[in-house]
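Bring the two chains, given one by one in their own frames, into a single complex with the hints.
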Amino acid sequence: MKPFTTHTGIVATLDRSNVDTDQIIPKQFLKRIERTGFGQYLFFDWRFLEDGSLNPDFELNQPRFENASILVGRKNFGNGSSREHAVWALDDYGIRAVIAESFADIFYNNCSKNGLLPIVLNADHVQLIHDRANQHDAYEVTIDLNEQTVVDDYGLASAFEIDSFRKQCLVGGLDQIALTLNHIGKIEQFEKENGDWLER
Amino acid sequence: MIANNPRTLFEKIWDQHVVYEEPGQQTLLYIDLHLIHEVTSPQAFEGLRLAGRKLRRPEKTVGTQDHNVPTTDRSLPIVDTVSRQQIETLRKNCQEFDVRLYDLDSPQQGIVHVIGPELGLTQPGMTIVCGDSHTSTHGAFGALAFGIGTSEVEHVMATQTLAQLRPKTCEIRINGSLGRGVTSKDLILYLIGKLTTAGGTGYVIEYTGQAIRELSMEERMTVCNMSIEAGARAGMIAPDETTYEYIRGREFAPVNFEESVNRWKSLPSDPDANYDRVDIFEADDIAPQVTWGTNPGQVISVDSNVPDPADFEDPTDRQSAQSALKYMDLTPGTPMTGIALDRVFIGSCTNSRIEDLRVAAELVHGKKIADHVSAMVVPGSGIIKQQAEKEGLDQVFLDAGFEWREAGCSMCLGMNPDQLSPGERCASTSNRNFEGRQGRGGRTHLVSPEMAAAAAIAGHFVDVRHWD
Chain F
0 MKPFTTHTGI
10 VATLDRSNVD
20 TDQIIPKQFL
30 KRIERTGFGQ
40 YLFFDWRFLE
50 DGSLNPDFEL
60 NQPRFENASI
70 LVGRKNFGNG
80 SSREHAVWAL
90 DDYGIRAVIA
100 ESFADIFYNN
110 CSKNGLLPIV
120 LNADHVQLIH
130 DRANQHDAYE
140 VTIDLNEQTV
150 VDDYGLASAF
160 EIDSFRKQCL
170 VGGLDQIALT
180 LNHIGKIEQF
190 EKENGDWLER
Chain E
0 MIANNPRTLF
10 EKIWDQHVVY
20 EEPGQQTLLY
30 IDLHLIHEVT
40 SPQAFEGLRL
50 AGRKLRRPEK
60 TVGTQDHNVP
70 TTDRSLPIVD
80 TVSRQQIETL
90 RKNCQEFDVR
100 LYDLDSPQQG
110 IVHVIGPELG
120 LTQPGMTIVC
130 GDSHTSTHGA
140 FGALAFGIGT
150 SEVEHVMATQ
160 TLAQLRPKTC
170 EIRINGSLGR
180 GVTSKDLILY
190 LIGKLTTAGG
200 TGYVIEYTGQ
210 AIRELSMEER
220 MTVCNMSIEA
230 GARAGMIAPD
240 ETTYEYIRGR
250 EFAPVNFEES
260 VNRWKSLPSD
270 PDANYDRVDI
280 FEADDIAPQV
290 TWGTNPGQVI
300 SVDSNVPDPA
310 DFEDPTDRQS
320 AQSALKYMDL
330 TPGTPMTGIA
340 LDRVFIGSCT
350 NSRIEDLRVA
360 AELVHGKKIA
370 DHVSAMVVPG
380 SGIIKQQAEK
390 EGLDQVFLDA
400 GFEWREAGCS
410 MCLGMNPDQL
420 SPGERCASTS
430 NRNFEGRQGR
440 GGRTHLVSPE
450 MAAAAAIAGH
460 FVDVRHWD
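As given, the protein sequences belong to chains F and E, one line each in that order.
Taking numbering that gives the first Met the number 0, the leading residue of the first sequence gets 0, the next gets one more, and so forth.
Taking numbering that gives the first Met the number 0, the leading residue of the second sequence gets 0, the next gets one more, and so forth.
One chain only, chain E, in its complex shape (with noise of 0.2 angstroms):
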């Protein structure tokens, strides 16, 4: 590598963990972390035992149980036998494979994208992986971070790295600043209303501009978490002040934190880097956004109306629109403050740190969830759920008639008995809208925490912008 050659950030990291490479074969990329949860390792350990492996590294891979836990009192046995196999497996596998576990009873458990920043595991320049789709959270530290499936997994378990296909760069520059009540959630799913759900495949998106730069650590997270929701096989942020000073004092954050830092300093994209494709983006533009359909791309402004079908121009796209119309039993020009809700979910490893509880217990604090609404907290980890304590926001929440949890993914996807009943309603901070995501015919509204937390006390969606 010519040493003055300007590269992008992922070019940087991409170059630096290189193992090996030969023409006509994938790279072999070593990793630095891998993450790991109960959902997509079983099988993954197993293979490892049917074939006589061992782990590589078992010092750069970190267990959490998330995705099936119960939110509700820890202290009861799992009532859902198949899930408690699943839990009490991955406690198995990491003892027999030497796996640091963050199990259920651990004050640090929580969502895997939630404690890997939270505990200073996540860092600039890293790559890191983990079976599942939302890795792409740990980018906003500028670190190269992608979900895997299960043999992939298997792979990294065995060999700490990965044989992987270079990607497209793809620059999102958001010129200007988010207006008020304007949030990173909003701004992420204005860019996959933008891109489409498909928009991003191929490609490993650096978003850069003045809209970015301004977002905290917890905003970027939001922002790189959902990258994949527009199809991209990474998300990143170039790390700077707000990132190193993130990760100062976590329990994991380098021994030599300067010399770390100075390091770090060396990552962001050069001046003349060249991407594969630059798309710009206004902040202006961007209003508090709501999904509408069954993808996170059908998603509109709250001061709009539901689309009509017929307004799309592409044939498939129509008769989508059309589907996501009939499953979410809406009408075209109904305005989205119209809709009502019975349902709200203020969790996810989208929109579940503190940051995102302080708003929202702002936003309620004094007042009522609405009669026909029920809404819970689903903190992202035993550490948030202990700072929001410590803060009074629990009270808050539970004041305003919200439940509030122990730390899982909940009713993001709905595996553990957190679920939507048939033909329910939810505005959800989560990141997935599909059929059924939620619960079986269940149906799921994507937003911010505020307008979750607004949409709670008023019984349906409202234009947080002019809302108190």
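The shape of chain F in the complex, shown without the other chains (with noise of 0.2 angstroms):
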């Protein structure tokens, strides 16, 4: 997993509740048996009209938001289906981290295992960093993971939580599975104690 310490880059609004993972990356595109190549399919609904060109309303495809690298949603980001797929498209379209006032479990964790770092703000700040989006153009922020916060050059300085397993997975890219085979003797120490329940 390629690491996250701190990114600087360009906020695009998405100003909508609930975007849920149908919307990320339609059912269409979850044909493919490789983790990569789905960035073109982004909010593929949402992005291109019936006959393939891009919707001029759809927030992403401003010009002012060619180069985000950095989203913020508003509540329940990312509900619905558990498909990885959907983080894999954002991360993919170059998109580093996603800033709402809540996110859907599974989505959550996805974006965590694959460096791309969920940021839950309260919703004072994420109207804030929406008005200041709409204000100026190819308005940044930086995100410290770190010091866990979210700063701009207007003022905004926002700290947000985030659990410390993951912090840590997250700032040294770690490989999660070896982490966990490190505990293998704990593991098989577990299986000897409580049996097998599924004989074939």
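None of these hints come from the bench; they were simulated from the model.
Think of the CB as a built atom: it goes at the ideal place given N, C-alpha and C, for glycine as much as any other residue.
Take the hints with a grain of salt, since some may be wrong.
Stated by the list, open to error - Here are the computed distance ranges between Cβ atoms for each label pair:
no., chain 1, residue 1, chain 2, residue 2, range
1, E, Arg276, F, Gln134, 49 to 55 angstroms
2, F, Leu48, E, Arg247, 51 to 57 angstroms
3, E, Val254, F, Phe57, 20 to 26 angstroms
4, F, Ala122, E, Gly178, 37 to 43 angstroms
5, F, Thr35, E, Thr80, 49 to 55 angstroms
6, F, Asp152, E, Thr71, 35 to 41 angstroms
7, F, Gly36, E, Gly178, 50 to 56 angstroms
8, F, Thr141, E, His371, 37 to 43 angstroms
9, F, Ala156, E, Lys91, 51 to 57 angstroms
10, E, Asn273, F, Phe57, 43 to 49 angstroms
Stated by the list, open to error - Per the computed footprint, the stretches of chain E lying under chain F, defined by three or more beta-carbons under 8 angstroms from a beta-carbon of chain F, are:
no., segment
11, 16-28
12, 80-91
13, 192-206
14, 409-417
15, 428-437
See below:
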């Protein structure tokens, strides 16, 4: 996994709640057997019109968000299906962090397994970021995972929470399977003590 | 753990599965059963291969093909080459890693959350995961079951464990009995409407109360299935005689069955156990439900009207309602029963079990679906299909004008050719009414199998409590 330490980037707004993973990556693109190449399909039904042209009304298609690497949403971002393809699509598109008032559990987990940082901020700060992203062209924030802060050039200094294990894995870009396999003795012991239920 | 410390069902299962924990770390939890399917597993198998890892316990992993499979004649080749490749990939991976697979040609193939319980793989007290959010279904047996992403699928494959933060607990108690024509689907839709789609985030819900105890296993699965639609990590129902009787005699039921039952009897929450949160509802308040919007929390009783966004206090809710009504092409104030339908879908891991098909068949028996409606029934598994055919239900549906299909996820998510066309309106027994879920531009209304069956005949929604 690629590490996440600090990142400064342009913020794109997605001014809606309950952005579900069906929207982030529609089902017709879940048939690939690779982890890569999903960016072109990100928000497909919103980004593209029926004839395949860009939908000018969709936020991400605005020229000022063209090089955005941070997305700011609203409430319950990423609800619905467990498809990790949603995170792969965001990542492949170039998004390094998503800021929202709240996230759905599975999506939040999936983000942090792919070096994409989900950041929960309170509604006031989310609103502030929306406002500034709309007021200023190429509005940027700087995210510091070690310090757990989001700051901008206009006085925003917001702190966010993240559990220490997740943070450690993201900062170090750690292979969590390898970490778990360090405890292989404990897994073996558990299996010995608890027996088997499933007989073949 | 102090033995006489009162604990909830969730806490008992969690405690029993802790492999390792230390302060500041996530808990390493042992996983008893890992279910896999063709869509969320290929990248995990590939990850194992790249790292030179194996499945730690292949015998605790069971696979099936469901999301992407055609529901038409299985003897024909799959036309969509990309779908075919995904299905063949699972086949090859299961062979290479020695995983039991219920393949397309197996009579036991079906939706992963239907066949797990059906085969007796799902049992009380277990930890069960699958790369699918509706894994919460298995909680109906008093198991801790939740959906995971593909990275976690790979983690379980390699280690038979998952690193997890301990979720909070929430009791949802439903007093009284559900009325006539009111089903467990209506119950869970009603609850999601009250809780909202994020109301359960961070929680494992345990459903309790008389209305829950009176449900069959099929009905309990419907409730737990949609826990994720309230944002919950998992939904659970304490095992009881209904649970034990359902499992008894199934292929993978424990050999020493009575011994297992005795163990399972220790699982229900202790009387004095504490939950982080308790919500109480009355079964009497629940009418048949229909969703009007583009998330499952946007739901209302069938005897109500399409709501007016102006009545929503929260500005984001108001905006959500506005855009939902625009997408759904609905006008505030329209009676829900006045909404005409183009399609009806009876199926999905929420409502495709034999009981669902029986009640739907009973409603359509001797009738014809409306001229402007096309309708299909997709059984949840090969076993269900066979049972339904033995009971003659297939003929009842066919006579009424329904299509009768092979088992799979089908139009619940439309990964296969079973999709809505733009603008088509569908009464669906599935679990998600997201924009485009059943096909780009398609409009989904979530309902119970009874409501779907009646709507197919009438051509619009009807209140099944007063319909003959």
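Taking the hints in turn, this is what the structure says about them:
| no. | hint | result |
| --- | --- | --- |
| 1 | Arg276(E) - Gln134(F): 49 to 55 angstroms | violated, 39 angstroms |
| 2 | Leu48(F) - Arg247(E): 51 to 57 angstroms | holds, 55 angstroms |
| 3 | Val254(E) - Phe57(F): 20 to 26 angstroms | violated, 57 angstroms |
| 4 | Ala122(F) - Gly178(E): 37 to 43 angstroms | holds, 39 angstroms |
| 5 | Thr35(F) - Thr80(E): 49 to 55 angstroms | violated, 19 angstroms |
| 6 | Asp152(F) - Thr71(E): 35 to 41 angstroms | violated, 59 angstroms |
| 7 | Gly36(F) - Gly178(E): 50 to 56 angstroms | holds, 51 angstroms |
| 8 | Thr141(F) - His371(E): 37 to 43 angstroms | violated, 57 angstroms |
| 9 | Ala156(F) - Lys91(E): 51 to 57 angstroms | holds, 52 angstroms |
| 10 | Asn273(E) - Phe57(F): 43 to 49 angstroms | holds, 47 angstroms |
| 11 | 16-28 | holds (count 6) |
| 12 | 80-91 | holds (count 5) |
| 13 | 192-206 | holds (count 4) |
| 14 | 409-417 | holds (count 3) |
| 15 | 428-437 | holds (count 5) |
Violation of the numbered hints given earlier is confined to hints 1, 3, 5, 6 and 8; the remaining hints are satisfied by the structure.
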